[in-house]
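Visitor: Chains A, B, C and D supply the protein sequences, listed in that same order. Using our numbering, you'd call the opening residue of the first sequence number 34 and step up by one each time. Using our numbering, you'd call the opening residue of the second sequence number 79 and step up by one each time. Using our numbering, you'd call the opening residue of the third sequence number 148 and step up by one each time. Using our numbering, you'd call the opening residue of the fourth sequence number 3 and step up by one each time.
Just so you know, the hints here were simulated from the structure itself, not pulled from any lab data. You may find that some hints are simply not true.
Here are the simulated distance ranges between beta carbons [unchecked claim]:
#: 1; chain 1: D; residue 1: G202; chain 2: C; residue 2: V418; range: 30 to 36 Å
#: 2; chain 1: C; residue 1: H620; chain 2: B; residue 2: Q134; range: 40 to 46 Å
#: 3; chain 1: D; residue 1: L455; chain 2: A; residue 2: S72; range: 23 to 29 Å
#: 4; chain 1: A; residue 1: R622; chain 2: B; residue 2: E85; range: 23 to 29 Å
#: 5; chain 1: C; residue 1: V418; chain 2: D; residue 2: E374; range: 51 to 57 Å
#: 6; chain 1: D; residue 1: T460; chain 2: A; residue 2: R491; range: 49 to 55 Å
#: 7; chain 1: D; residue 1: F290; chain 2: A; residue 2: L591; range: 29 to 35 Å
#: 8; chain 1: A; residue 1: T107; chain 2: D; residue 2: E67; range: 35 to 41 Å
#: 9; chain 1: A; residue 1: T107; chain 2: D; residue 2: W475; range: 44 to 50 Å
Note that CB positions come from ideal geometry on N, CA and C, so glycine has one too.
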Amino acid sequence: MMEHATTLSIAQPTTLLPLTFLLPLVGTLILAFSRGQLSYRASATVGTASIGLAALTTAALALGFAAAGPQQLTLWTWIAVGDFTPGISLALDGLSLTMLGVITGVGFFIHLFAAWYMRGEDGITRFYTYMNLFVFSMVLLVLGDNLLLLFLGWEGVGLCSYLLIGYYYTHSANGWAGFKAFVITRIGDVFLALGMFLLFTRLGTLNIAEILELAPQAWQAGDTTVELAAFLLLGGAMGKSAQLPLHTWLADAMAGPTPVSALIHAATMVTAGVYLIARMHGIFELAPTALYVTGVIGALTLLMAGFAALAQTDIKRVLAYSTMSQIGYMFLALGVGAYDTAIFHLMTHAFFKALLFLSAGAVIISCHHEQDMRRLGGLWRKLPLPYAGFMVGGAALAALPLISAGFYSKDEILWQALAADQQGLLIAGLVGALLTSLYTLRLIIGTFHGTAKSDNARHAETGRGLAHGLPLVVLAGLSTFVGAWITPPLAEVLPAGPGDATHVGHSSLELLAAATALGGMALGVWLFGLRRGWLRLANRGPGAGLWHLWHHAWGFDLVFDWTLVRPYRLTVWLLKSDLFDGLFRLLARLVRLLHLGLSRTQSGRVRGYAITMVAGVALILLSLALVIQGT
Amino acid sequence: MNGVPMEHGLVLAAVLFALGLGGLMFRRNMIFVLMSLEVMLNAAGLAFIVAGTGWQQPEGQAMFLLVITLAAAEASVGLALLIQLYHRFRTLNLDVASRMRG
Amino acid sequence: MPLPKLAVAYLPLILVGATAITLMLGIAWRRQHHVTVAVSVMGLGLALAAQIMAWRVVPLTTPLLAFDGPAMLGGILVLASTLACAVLAHAYFETFQNAREEFYLLLLCSAAGGLVLVASRHLASLFLGLELLSMPLYGMLAYAFHERRSLEAGIKYLILSAAASAFLLFGMALLYAQTGELELSALMASMVRGSGAWGLAGAGLMLAGLGFKLSVVPFHLWTPDVYEGGPGPAATFLATASKVAVFILMLRLVLSAPAFQGEWLHAVLWVLALASMLVGNLLALTQSNLKRLLGYSSIAHFGYMLLVLVVADGLAAETGGVYLITYVPATLAAFGVVILVSSATEGRDAGALHYYRGLFWRRPYLTAVMTIAMLSLAGIPATAGFIGKFYLIALGVEAHQWWLVVGIIAGSAISLYYYLRVIVTLFLAEPGMYRRDASPDWAARAAGLVVLGAAVLVIMLGLYPAPMIALAHAAGGVIAP
Amino acid sequence: MILVWLIVIPFVGGLLCWQAERLGGRATRLIALATMLCELLIAFGLWLQLDFALPASGGTQWAVEYRVPWIERFGIDFHLALDGLSLILIALTGFLGVLAVLCSWREIVRRIGFFHLNLLWILGGVVGVFLAMDLFLFFFFWELMLVPMYFLIALWGHSGSKGSTRIGAAIKFFIYTQASGLLMLVAILGLVFAHHGNTGEYSFSYAVLKETTLSPTLAFWLMLGFFVAFAVKLPVIPLHGWLPNAHAQAPTAGSVDLAGILLKTAAYGMLRFALPLFPEASQAFAPFAMALGLVGIFYGAVLACGQQDIKRFVAYTSIAHMGFVLIGIYAGTELALQGVVVLMVAHAFSAAGLFILSGQLYERLHTRQINEMGGLWGRLGSMPGIYLFLIAASLGMPTTANFVGEFMVLFGTFAIAPWVVALASVGLVLAAVYSLMLMQRVHYGPPQSDTPLKGLDTREFCMLLGLVALILWVGLYPQPLLDTSSAAMQDIHRLFDAQSSPLPEAR
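Bound conformation, chain A alone (with noise of 0.2 Å):
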């Protein structure tokens, strides 16, 4: 496909583009044509390399771009029928280039990561057939110049995420998770695809940049269709960044192995969404009510997650919630307009929230696979990588002042906020904060102090080797300030937020924002490490009430089980001998009916014969007497 492919004259860094999705695709087709006959060893390494190379590609590209600006390839037409011309065609940006960087290099340290954490299990080769199967999805998902490409690898990531949350298939559980995830996806997913259609519909077109210069044309601000066209949008990405109400598919998704977590369920695929609303800012732009409706949603979902992640007891449970509650973060920036803080949150939160899955990660292999907190505890001495993973990774989450990354992202999110005006925004943001310190110290005190609670921690082995190590440092090292140095080139393709750095308001914010934090870590080492106060809480009265009502994360999936699940089988269950079909089979039935009362008239009897005979030619003088009566 390739020789047809390029037909304008390309710069340099134009024709790498498409090695960054094609060098993860090579990896697949290679490991899913191998038919099981490569080693561990050969799996691991072309699964990593692949996406090593990729990383590679990328940061060619990103030199590249500093020199030469975006970048666009056409590689062939995918369809065309009358003015429905979407191709497969690429777009570079800085914003594709920001996502292209945190998905092949954070990406890369993930796959190294599982080159460790997977020993010792079977289907190496198909765990690394789908993780690079993903990262080209996901690739083509950030590169793509239309949306229905775009929506290509939406779909190939969700189909990923489904196939990796069922790696273990063996029990059935898991496989129950992915399908669950996948189909709550879906239900985002459909969103986004009628907004395609209407898009589409009204626009003429699928590109991109395209429908960012013809809406504004097209609509006044506020216009309702396109603010429809915008909900719609929201709708997907709501369904992908699990948002609330689509949320509950991810703490089930923590059923897959834990780079899996790390990759698609924290650093990128989940925030697909966010990429999405950033990528189609014009159409947002135009439809205040929605975006106004992004950033409720964010920060509602944040409080919500954060409240649950208090109150869970599996170590990546805890992480799958934070990873709600900092995408909230994500969404509640996007709402109040200020996107490119939502992608430098984004682009902060795929460091820091690989490193703890990692982490946890590492902790889990250590000990054997145990993963519940309450069974974990006194880890620090023995697990130092691990716990001081943690350590900087949970610093980042929590916003620790000053030497974490996530302390200038989150922070530039509520002076946002703030100077966007939404005070409602900026205090769901504030308590989410205060949250986040808690459930973070919870987790590190529950994890690594305290007393080994269980034979698995007592045990447990500190992992070793470069496979294993190498990853948690270089996030680690991302996860501190350094990691905030990095600036997205998002300033050409983003609209600068509401707040302006400069203003004065800002550093008493940041000052706030600090207390917060810091108030809020305190308030943990208090209630979790020395008082121990929190078991007193949370095993009396309403204390554990609330407790019940958090750790299920407020009852959603009950809600979701018994307004859609049970109503659903209760129809399969209720159509099931096929009722349209059945009105058929009666009429079968009455047929036979007739022909068994019409067989009783052959009765064999000649005078029964003469008798109908008779009757029948009486029949007939009947009605022509009636005929004659009526004349």
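Using the hints provided, position chains B, C and D relative to the given structure of chain A.
Guide: Same frame as chain A, now just chains B, C and D:
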């Protein structure tokens, strides 16, 4: 025709025909059934004669001759079969010949 | 009227009659099955040829008989089916213990009756033809009277047919009383001028009498019993020649005399048609005796054909012709297979479906014949039956007889059930209770050739129906007054 | 003349197969394979040779035509003609024919000759349907193909659960199609007589009848006659009753043909006849048709979830997919119609693939009950991977042909009927539900035993790989397909669109 209207003759024939029909429907004995058939055919013959006379035409009687012939042939074949029936079942009850049904 | 023309027209009838007499004399002299068959086949063949030649002289009217298109077509069909029956009978009676020769005599007499019937234009000739057609059938049906079913069939047919004849006669008498006419055209004409109650009652009774012969509901009950019990060739003759002749007669009645479709009679016919097509098919639904099944299916088929009589206009004559032409070979083929399977062993006819289980794996070509026959009766494309059904539906659509069209569709949907059941039985592998089989060299025999020929004809007419349509068109175009 | 060969080759091939049985099974199969390959090659050759771009100036819309008088009494011709749409479907028939022969290589061991006779005759009949441009001839082939299909199901099928026999299924299939076919015959004749009434001449020619002027009421009823016949075959709820049984009880090759081609004849019929012959009536009927399509999408999806038999399962999913086809056809925009073409091809591939896999599972497990499976992933070598791919195709994953088809349909319909699209999109979620549910219940979960089952052999692997490649090809580069059918679809679109955009109130 003198006096007797055609309708009366036809009604008579119809009554005869109906009698034959009754025998056909309700008798079990094959001999009686055959006789009933004869009655019916002759009723038809009578009707032909009545009609022929009514129209002052000879065709009615010609038809009657044909009917007679038919009746005779019918009877002969019928009797032959009757004998076979008796031969086989030792009865003249027609209801035995009801093996085939359904 | 020039004599030679008349002679040409009468020649088939004369030939059939002469053959019958020759046979009678021959049998008296010496019983020789093969010779008897040879003579009757030859006679029938000549008659058939003469019948085809006679087409040149149409239309030709005599006081009693009218040689017109339908008569010619009917004659050809009657003679062809009689010929086939004779050949089939040869195979059938191969293993028969009693005297076999008289059967052909009866057959020829009956055929002569058929020839008269199709050409009759006078109540007397109608009556004569009909009785000449029916009377030998009593004998033919009860021919294997040692077989209890055959006897039973004969008795049933005798009694009920005689009753029907009585109805017919009484109806005729009433019509005659009303109009003073015996010639059909004159009779009809005077009915048009004014029909009293007697006349209408007479027409109703005649309809009942003729309806019996066509086994129209509610005069149909005898059909399956008689088909089942009668010896194969007799049943075949009954299903083909006899019904064709009666139908042609009715066709000519309604076509030549619009008065026959006075509103009331028209409505009665309409009801009978709908009832026949539905009841016939419903009755056949789970039938497991092939001969009975064919009986029921013939009820339904003549129910469809009543549509022609109901419409009696436009395409009607042509449709009637085409349908008959397609119906006859398919029925012949189906009965032929039954006869061939029955003939090899003595005793009861092989009617039960389970004898035919897995026939395909033993006798593939014979099965192909049966399959083709069934498909044709079901009206599936590439068989003649489809063309017939096509014509019928076309006629119904043209005449806006929507309910009857719906009846045909519903009927054929039901009919598929049992036709397909028969077909699939032929192909199933599991052994039946016990098998009956055609003799291995069946295809090399005359009867086999007839059956194969019928099947080939069915396919040919299905694929290239133009000649058949031309024939039916021509026949429908020439109707004598 | 080449068109006649397209029809004759399968029929002759079938007879040869029948006779070749005495030479042994292998010879029979090779003959059948050669026949279908020959068919496929001819179709491919035609595709390379002919230009489907636009109707030649002043010429007909057909790329090739063959016409001889047949039944002159009614102006019936033996008239075959080929345009892009027909060619695509014929090529599809050839391809699936090859697959059908291949997939019965092991499965069918008894009466091989007669089996292949029926198989090839079905395909011959189908090709006839795709080529016939005379309504009588069309109907002729339409009904003709039922007979061998009937045999295929009745003689080589499997008995289903709950006492549903293969013969019952076959008869049901036959009766449904035949009865509705007769309704179509009535409609055809109604049209012919209407034409006769206008001009005094009988004709069954497609081109001639297309010009017939009809009163709106009559046109509506006649259109309905056509629609019902096609709706049964497509199938449209509530006329679908035959499909699950027929699919479940047919042998694999039968299911492949049934899902892959026979259902497509219905869509083809709508595209070729129902719409162009009665554009106004179809336009008026479109809301109903789309509603029926929606019902099909939901009903099929819901019922699929309740099935225990994998083949019944796939059968119900076919109903759901055909709902999209129906919506696309009656949307009538060029994009939707082109989408329908792609979707037909896509569904043929994916459903055929799933049926083949079901057959292969049956060969290994001797059951088609889902609850007797589970945890098969690790036991079957590379088969589950392919299964997964086909499931992904069936739920409309991008890069697969199904996605392109479904989304083109939806894109094309949105302008006409946004609410229909909105509801149909919910069907996409349900598609995910049932597809993944199948995956989950068959391949995931604890394995029933540890013994590995036989993996795919080369024949099976090549078959499936071919399907996968084609699905991907159409999914990523459907343009050759679209270019081929473009002229035909534009034609239909023009007719349909002439009835102006605001939907007239339907009766």
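Visitor: Mind listing which of the numbered hints don't hold for this structure, in increasing order?
Guide: Hint check: 4, 7 and 9 fail, others pass.
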